[in-house]
Amino acid sequence: MSLNSVFQYLVPKDRKFIPLLESASSNLVEVSNVLYNLMTISDPVKRIEMVRLIEKLEHKGDEITHTIFSELATTFITPFDREDIQYLASGLDDIIDYIHGSAKRIELYKIDPIHPSMVKLAELIQQCAKELNEAVGSLRSMRNMTKIRESLVKVNSIENHADDLFDNAVARLFEDEKNAVEIIKIKEVLSALETATDKCEDVANTIETIILKQA
Amino acid sequence: MSLNSVFQYLVPKDRKFIPLLESASSNLVEVSNVLYNLMTISDPVKRIEMVRLIEKLEHKGDEITHTIFSELATTFITPFDREDIQYLASGLDDIIDYIHGSAKRIELYKIDPIHPSMVKLAELIQQCAKELNEAVGSLRSMRNMTKIRESLVKVNSIENHADDLFDNAVARLFEDEKNAVEIIKIKEVLSALETATDKCEDVANTIETIILKQA
Amino acid sequence: MSLNSVFQYLVPKDRKFIPLLESASSNLVEVSNVLYNLMTISDPVKRIEMVRLIEKLEHKGDEITHTIFSELATTFITPFDREDIQYLASGLDDIIDYIHGSAKRIELYKIDPIHPSMVKLAELIQQCAKELNEAVGSLRSMRNMTKIRESLVKVNSIENHADDLFDNAVARLFEDEKNAVEIIKIKEVLSALETATDKCEDVANTIETIILKQA
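Chains as they are written, first to last, in my numbering: chain A, 3 to 217; chain B, 3 to 217; chain C, 3 to 217.
It should be emphasised that the hints constitute simulated quantities derived from the structure, not laboratory data.
Predicted model, so just to flag it, every value in this text is computed and none were measured.
Mixed in with the good hints there might be a few duds.
For chains that are exact copies, the list does not tell them apart, and a pair is met inside one copy or across any two.
[Claimed, not checked] Taking lysine-lysine pairs in the DSS-like style, the calculated list, with each CA pair at most 30 Å apart, reads:
1. K18 <-> K106
2. K189 <-> K122
3. K180 <-> K132
4. K132 <-> K189
5. K156 <-> K180
6. K122 <-> K112
7. K18 <-> K189
8. K58 <-> K156
9. K18 <-> K62
10. K122 <-> K48
11. K18 <-> K180
Please model the complete structure; the sequences and the hints are all you need to start from.
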């Protein structure tokens, strides 16, 4: 119930921020699909092509984020509180950055074969991306609040699952892998993937704040 | 001297946020006590019980944080600036997260015996928690500012001490421990403990901002 | 176009925040110069003197940041939006913290000789510091926007370069260095340096937000 939410009743429907946020979240879905493909493909040449594609989509995401920030700085009335749009945009950007970081490390550190826990984490990221995209899509009408909340609860529960998966994967790595350099490399990739799910949870929390304020 | 602080004179004393913040900070004291016990107990079965207890208290803390955020999103007038309450609540939550993270790693990585520098860091975290709890408790009346400031200065000085302790512990580890895998494990736990004291400093800084604005 | 920017037309030119921010950014330039000298000097005694000097300048930076935060909490009208001044001050502080962290690790972990990629990263940090200092200096008059934007674009491109440099240095480290403990030590220093350039980019983004709002 901020001053901004009072203003919102006086102005026509937003035609700027909601479409931009939707592009950002659907770009995230695409990146997360490519990540999952990268993890499950065995041809090393095709795997590198996937890393390049993630890079390209990451640049696209950067441009969307940049446009949102420019619009925010020069627009007086926003569909939700200014800082929530900012958190939402940078949160979606952060998820893609960590996905990109993990893909890049797989290439640079010549990780092969892909560790089974990496595949599982990529699958969890893909699920989070899908839920977040649906939640962002529902911000337009602000109807179907029950469904948005279900998506947010799912993201929180996937993140908890990813947390446990990461902790156990690292613990097993310490037991099974005797080469410390290999441990460092694999841990770096797992850690980037796990942080991506943390960032998904941050975005879910931001969306929750937005819908609470509109209530 | 924000618009919010002007409103505060017109409304009855807060009965919502201050008690919630007090629960959060007293929960932190409890978590930090359990952490210290965990570090100083030698019975491995009892140590695991302590990890479980920290987990339980961390969930309790999550619920308090979540309540504060929901209340913030739906309340028009707050006892301090909205974003300061938000920083304070998530700051207290972050400290507990890092305490939990260090306890979990001790269990998962089967760290035994506990490294002496872990015990010392747990003691410093316990001291910070006690000072922060006192400072949060004094926000209610906003009297005894000298005592609050003393607490905040203490937290800053404990954090500096923890920083040096961590740096020296890691440097010694590199010299004394020849097993790289052991280095990685111990460093992970020390690093989570040290980050917990960083988060204590962040909370101290937020409290300082709050009392400066009320001056 | 916030309420604050409307107020700004009604009050005399800022004599408080701009000079403080200028001190903070010129202190950063000094720290980055000392870091570069530290990296290129071969005398180990002089190198330790440089670490001490960075420590001293870091304390000076802390005091400037602290003054800015106190002033922010007690001042009603600010030359730019309150939160942007806050981000700018803590961003400049963060850069110095990571520079200090990398210098401290070089001393503590007895890194000798200095890795060539550390020298290159220190040079990139020095370039970023110079560009940021010029951009901060131009905030006073808000003229010569083209030149500010050029500086910000340069910082973004230097950060991309630092990112690639770091990734490739770590990848090569994994291939060439067989001692895992050495890898961990060198990676810690490189990582602190690379994070310093990330923080430079954050500051550049904050300055961009400030000038967009004034447009």
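Is the C-alpha distance from K180 to K132 at most 30 Å within one copy, between copies, in both cases, or in neither? neither (37 Å within a copy, 42 Å between copies)
Cα distance capped at 30 Å. Does K18 pair with K106 within a copy, between copies, both, or neither? Cα proximity of K18 and K106: none, with 33 Å in one copy and 45 Å across.
With identical chains treated as interchangeable, where does the CA-CA distance between K122 and K112 reach 30 Å or less: within a copy, between copies, both, or neither? both (19 Å within a copy, 24 Å between copies)
Under a CA distance limit of 30 Å, which applies to K122 and K48: within one copy, between copies, both, or neither? Only inside one copy: K122 and K48 sit 20 Å apart there, 33 Å across copies, limit 30 Å.
My question is about K189 and K122: at a cut-off of 30 Å on alpha-carbon distance, are they close within one copy, between copies, both, or neither? both (14 Å within a copy, 26 Å between copies)
Which holds for K132 with K189 at a C-alpha limit of 30 Å: within a copy, between copies, both or neither? Answer is within: at 26 Å inside a copy they meet the 30 Å cutoff, but 35 Å across does not.
Up to 30 Å between alpha-carbons, please classify K18 paired with K189: within, between, both or neither. This pair counts as neither: shortest intra-copy Cα distance 40 Å, inter-copy 43 Å.
Given a CA cutoff of 30 Å, do K58 and K156 count as a within-copy pair, a between-copy pair, both, or neither? Answer is both; intra-copy 29 Å and inter-copy 21 Å each pass.
One pair to classify: K18 and K62, alpha carbons no more than 30 Å apart. Within, between, both, or neither? Within. Shortest intra-copy distance 17 Å satisfies the 30 Å Cα cut-off; inter-copy 40 Å does not.
When no copy is specified for K18 and K180, does a C-alpha distance of 30 Å or less occur within a copy, between copies, both, or neither? neither (54 Å within a copy, 53 Å between copies)
Please sort K156 with K180 into within, between, both or neither, judging by C-alpha distance up to 30 Å. neither (36 Å within a copy, 43 Å between copies)
In the structure shown, a violation is registered for the earlier hints numbered 1, 3, 5, 7, 11, in ascending order.
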